[in-house]
Amino acid sequence: MFEPTQRQVDTNLEKSMAMFQRAEIGKVPALEPLQPKRVLLVLDGSTQDELGGGIVVRLKQRLDCQVAILDLSPEFTDTAQGTAPQWAQKLAAETLSLEQPEPYERILAAIAEWKAGLVVVPCPLGRDFDSIGADSTGTVIDVLLARSPVPVLATRAPFHPEGDVFSRLRMMLFGENEAAPIAARWAVGLVHPAGSLELVLIVEEEFYENVREAMHSIKPDVQISIESLENALVQTHVRLHVALQRSSTELGFGYALHVHREEERQPLRVDDPASTPPLLVLAHERTDSASQGRVSSYLRNSPNPVLVVHVD
Amino acid sequence: MIDAALIAAAASEPAAGWVMGLFALGMLVTYIGVAVESFHKTVAALSGAVVLLVLALLLGVIDEYGEIYEILAHDLNIFGVIIGTGILVDVTSQSGLFHFLSMQMVKATGGRAAALYFAMCGLTFLFVAVLTIVPAMLILSSLVLVICRALDYDPKPFLLSVAICANSGAIVTFASGLPNIMIGTQVGIPYEQFLMLSAPYAAISFLIALVILRFAFRANLPWRQSAEEKAALQERIDQFDPWALVEDRRLLYRSAVILIATVIGFALAQQLGVGMDFIAMAGGTAALLFAGRSVEDSIAKVNWTVILFFLGLFVIIGCVKATGALAWLAEQVVELSQGQITALVPLLAIFSAVASAFVDNIPVAATLIPVVGQIGAGPLPAEPLWWTVVLGCNLGGNGTPIGSISCVIALYTLKKEVHQNVGWGEFIKLGGSIMVVQVIGAIAYLLLLHNMNWIPPLP
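Chains as they are written, first to last, in this note's numbering: chain A, 1 to 312; chain B, 313 to 771.
Accuracy of the hints is not assured; some may be wrong.
Derived EDC-like pairs: lysine to aspartate or glutamate, alpha-carbon spacing no greater than 16 angstroms straight-line [as the list claims (entries may be wrong)]: (1) B:727 / A:14; (2) B:727 / B:738; (3) A:37 / A:94; (4) A:60 / A:94; (5) A:115 / A:94; (6) A:27 / B:550; (7) B:728 / B:466; (8) B:727 / B:466; (9) B:728 / A:10; (10) A:37 / A:64; (11) A:15 / A:227; (12) A:219 / A:209; (13) A:60 / A:164; (14) A:37 / A:113; (15) B:419 / A:24; (16) B:728 / A:14; (17) A:115 / A:105; (18) B:419 / B:547; (19) B:542 / B:464; (20) A:15 / A:230; (21) A:27 / B:547; (22) B:727 / A:10; (23) B:613 / A:230; (24) A:15 / B:729.
The following label-pair restraints were derived from C-beta to C-beta distances [unchecked claim]: (25) A:312 / B:420: 44 to 52 angstroms; (26) A:218 / B:748: 46 to 54 angstroms; (27) A:227 / B:602: 22 to 30 angstroms; (28) B:375 / A:224: 36 to 44 angstroms; (29) B:576 / A:205: 39 to 47 angstroms; (30) A:74 / B:569: 57 to 65 angstroms.
Since the hints were derived computationally from the structure, they do not count as laboratory data.
Don't be surprised by glycine CBs; every beta carbon is placed ideally from N, CA and C.
Make a model of the complete structure from these sequences and hints.
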């Protein structure tokens, strides 16, 4: 017969063994979904209000949650009152009025006072992309990422998905992350029962280079392949994967695990909604600077709404 | 008794004796190049093809270059089968289907040594039948290592048994091994005839192997375990969750459906009036369309080395055949056997098995195909001889540590992962004994079927 080379046998055997070892995880239950009972919608008078309002309408229809509106449009626009009254009527929402000087202080105070479970906020707040550029998130979002006690769902105009943002969710993980289980529970709670959820594990080229260099200096004869790092990443998150799989079976949504290399990552394109999932879910470990950097980076570059779930 | 002249008459006008000798020598040198490890098989075959084609044109063995396309036209279907099944196997393997099924099977055994052993052997037989030897061996070798480490069993009996059982699995269907594909496509053997003739003996040879292996490893595994031991094993095996191996359930189900549909398509190809290559390509295309994650990766996984090797090999055989050398060889074989099927079947079985135990079974099959074709051009029935070559070429792999890629992978894995060496003597004692019994059984089986007129004629 035609023999594969020794290297092919080694690679395939290692990959296959890693797969089987992955199965040794014990009993893993389905995830308990997390859903917001109270949603705070922040408006800034920009075109993004329509997107944020549309998202909250869908949440209210599906989850029957209570909604409050914090209207910050007078801060950023000439009009005394933007579209807040219409949204308040449409969502049967109460309108909050707070006195703090800075917009981020008012948002944080509203979350605390109204006991919100989720905040939907335009990103960047009160500024259009033409003035600060599409790759900027703004100070308010930076503060919310650092201090918000609840998950932040940041909308990103000018992209406006025509469909339900909760019909396709993509949760991205780069390595071990303590916020991953809770972010997954939020994803399971928010995904539409007829929708789909992807868990995407990303192996960063720079991380691979660092590990390879470190291994080479410790054990020069040991070769680390990027495939072995991919296997290690899957192994790290295999319990989460199985839990998500169980949840998908119980709740009915579609689920798949994907492992991407950074250079293979599909670009998030504004002009092709079909190529991009409507909602990205990012796990944010606040004490981890690498996690902070990745969340900021994805938020800056995403034309999609992004849900950021934090742990301290 | 058959008149050898009838075979010669069926062949084309033979070339001069020295021309036949020259081309036969060229073929022999190419085969030595294929067998020598320092030379790449495909380069050897392509080099031989270039040299013999130039000689054929210079010496007038073929009149014009265009004739080579006519020679290759008969072999195009094999490329379709290899490409289509290659893509299909890669896509279904990527879906985790076979890892999932094998882990489910292992869980069903509860980790008990005897049940696990027979389950592994049975899985090997089935997986090789569907996947061919190399992908099946890679999955099962890794499974053996992981499970044996988890349950504290010696992997050696498992790995050697898996390697030997793989060669029985390789004769189950048309698509289970390259010699089958070569013979099946060249001769036009319908898929269902493999299921009617080859598959039953695959099962018999599998049982022969199991009996001998079970006896050989009687002291290597705890065949009888207490209730406490079984409970502890069950607890350990319960830690494995097969669903952890599946990244996307939808892809898994789609892959399974496409695979089953392709197998059914193979079985119905003749009634549908299409070739196996069409079914294989349709299955491969469906896999790319509905279950493929990376089209480029799956296409790249097709064994292009084998396809180029076959290209060279078919040109060589076409040129040698055009000299009349293969017809002459067929005459000698018939004369040696005195035109008796009862002598030809054992002769071919022993030759193909022994040759396949030491060199690649692909060139062995490739050489025997035109020879048997020439014999079949006379009044002797070719059908028993084709099945002899199918069984002999595959079962011969059990004879030596280098006879089959399943043995090569198993012994390499044992050495690398378990640090155990299995020498030639030890392997031949086990695998060689099994091969001898299996080949004797194959001869008896085919002669019995022939005498009972149970071998269906080729379409």
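Hint by hint, work out which the structure violates, then give me just those numbers in ascending order.
23, 28
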